[in-house]
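Colleague: What follows is the residue order along each chain.
2 protein chains.
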Amino acid sequence: MLKNRITQLFNIEKPIIQAGMVWTSGWKLASAVSNAGGLGIIGSGSMYPDVLEHHISSCKVATEKPYAVNVPLLYPDIEKHIEIIIKEKVPIVFTSAGNPKTWTKILKDEGIIVVHVVSSSVFAQKAEAAGCDAIVAEGFEAGGHNGREETTTLVLIPQVKQAISIPLIAAGGIANGQQMLAAMVLGADAVQIGSRFICTPEASAHSNFKEAILSSKEGDTMLSMKKTVPVRLMKNNFFQQIRDAELRGASAEELNEILGRGRAKKGMFEGQLDEGELEVGQVSSMIKQIKPAADIVAEIWNECIAEAQAVTKYF
Amino acid sequence: MLKNRITQLFNIEKPIIQAGMVWTSGWKLASAVSNAGGLGIIGSGSMYPDVLEHHISSCKVATEKPYAVNVPLLYPDIEKHIEIIIKEKVPIVFTSAGNPKTWTKILKDEGIIVVHVVSSSVFAQKAEAAGCDAIVAEGFEAGGHNGREETTTLVLIPQVKQAISIPLIAAGGIANGQQMLAAMVLGADAVQIGSRFICTPEASAHSNFKEAILSSKEGDTMLSMKKTVPVRLMKNNFFQQIRDAELRGASAEELNEILGRGRAKKGMFEGQLDEGELEVGQVSSMIKQIKPAADIVAEIWNECIAEAQAVTKYF
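As they're listed, the protein sequences go chains A and B.
Read the first sequence against my numbering and you will find it ends at 320, with the numbers running on by one and no gaps.
Read the second sequence against my numbering and you will find it ends at 320, with the numbers running on by one and no gaps.
Honestly, the hints are just simulated from the structure, not real lab data.
Keep in mind that a hint or two might mislead.
[Stated by the list, open to error] Just a few of them, taken from the derived set where beta-carbon distance is under 10 Å, the chain B residues facing chain A:
#1 Ser126
#2 Gln164
#3 Gln184
#4 Ala188
#5 Asp194
#6 Met227
#7 Asn261
#8 Ile263
#9 Leu264
#10 Val288
Glycine is no exception: its CB is placed at the ideal position from the N, C-alpha and C atoms.
Bound conformation, chain A alone (with noise of 0.2 Å):
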């Protein structure tokens, strides 16, 4: 076990964090990560409330591990979410695209440990303020939403690292060992993961999808709908009529009408991949093979310990 200032907040063994991801992450994903010494999040924002509550009692018979729930703060029904987080007394909640101030006391109040998704310092500093015990800094290559600033990992978590106290773990281009020591180097405490956690058995993304990832080359994604609300996706159809769209200098408004209604679901979780919205990160094009989630977390840490090791052979 090692203890840094991650694995002892959460109490885990190792700082490998998979994220909570909309259609991907229930609580198979989420219970298989934990139950391999790393924190597996239950991801909210794709799922109506008594569908999360299923996924937590399910996790809890799953895992004796620490487990986390992320949760959008823009999800319309997100009252009833934080209810039944306190009501299921989940240990640890991730929040993300919102305002930390809202939720993060009467969380902490219920003993919740609370984790705030930033894309830069200024919002790393509001969610230290907001008293958040721990931030997720995300960087530009991330897949799914991200921030307008475009700061990648490389620049962000350096900076991120001296504007807060607090611990820190980095998001955003982290697939293997090496990127996952790259970002320690940086200042991060731990590393939080996803697109690599789609290629399980375990994720209920669909298989589709999941191969789509496996068979992805270099600069197969790419930040879209900054009008809107920025989300990186893959390239298909979708993304290719949302780009047209942009090119000829749509408005907000149309782009939100070329996107409709549940494209993240037809494309993540239906299989749909020309129509389906499709959010996966940079890193898509380095994942060769689909593996147990508890082999990932195992392979990741041995990567890394083993490149830390090996690092003066460098100098």
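Guided by the hints, dock chain B onto chain A, whose structure is given.
Modeller: Leaving out everything else, chain B in the frame of chain A:
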């Protein structure tokens, strides 16, 4: 003196390379970096042939160490530049922005070491096939001209490393020793640093531009001109004109009309911060002080070694 593939190829002491930057890196900066044990590069992209000749001969007077010239392969008068480089027996040439097939063999036949700058693994493989001796792989966070795929340094370097067998130099997002070590952990043999070296007394950039970098904040640069030649710029009035045009769907022709001629000179060399083009990387916000180039080389190197020796502390 560190012995690795890059220090041995270039016969330098430290694997720190100063990027060849238009209007910024003449003989004073290049010779200062080379004298400090790194590799200094004269940026020929903003020089008429006679100016380049003057900078090369001055550099040879100012240092006995190896130095290089950067040649953007789309430079209109490139034949004259190549002729001068051969005549002056420049030991190392960095080529960028063009096809490495055209000039690599001609330069190598003259005994010149040739390095090509790329933004993807596919271009890296083409450069290796063209006979280049080493590759610079430059991530999305880098200043100035940039790739279309927007792959960040953290994601790009491990993939280029796997794609080629010749030495690899990482560029983009590197301004201190932690970032340098992170790049080496990812597989780089050396780093190329641009923005940090603008803030030196030796750089020929206008002091207004240097001061603008010192006072810049996170998020103050953005990749621009994606419909023509993508370039990372500091946000100013000129940038905003381009951005407004892009958001309304302006064509490449309209963007080039707004760009006009001589914008880079106006901004970086003449110090017109509002109307000039200010090419700088995302690390701009991490640069707090103007320092002699030799101090920067020593500082980054010492930080990198100290960090490498401390890495096992994380585990």
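Colleague: Could you tell me which of the numbered hints above are not met by this structure, giving the numbers in increasing order?
Modeller: Of the numbered hints, 7, 8 and 9 do not hold.
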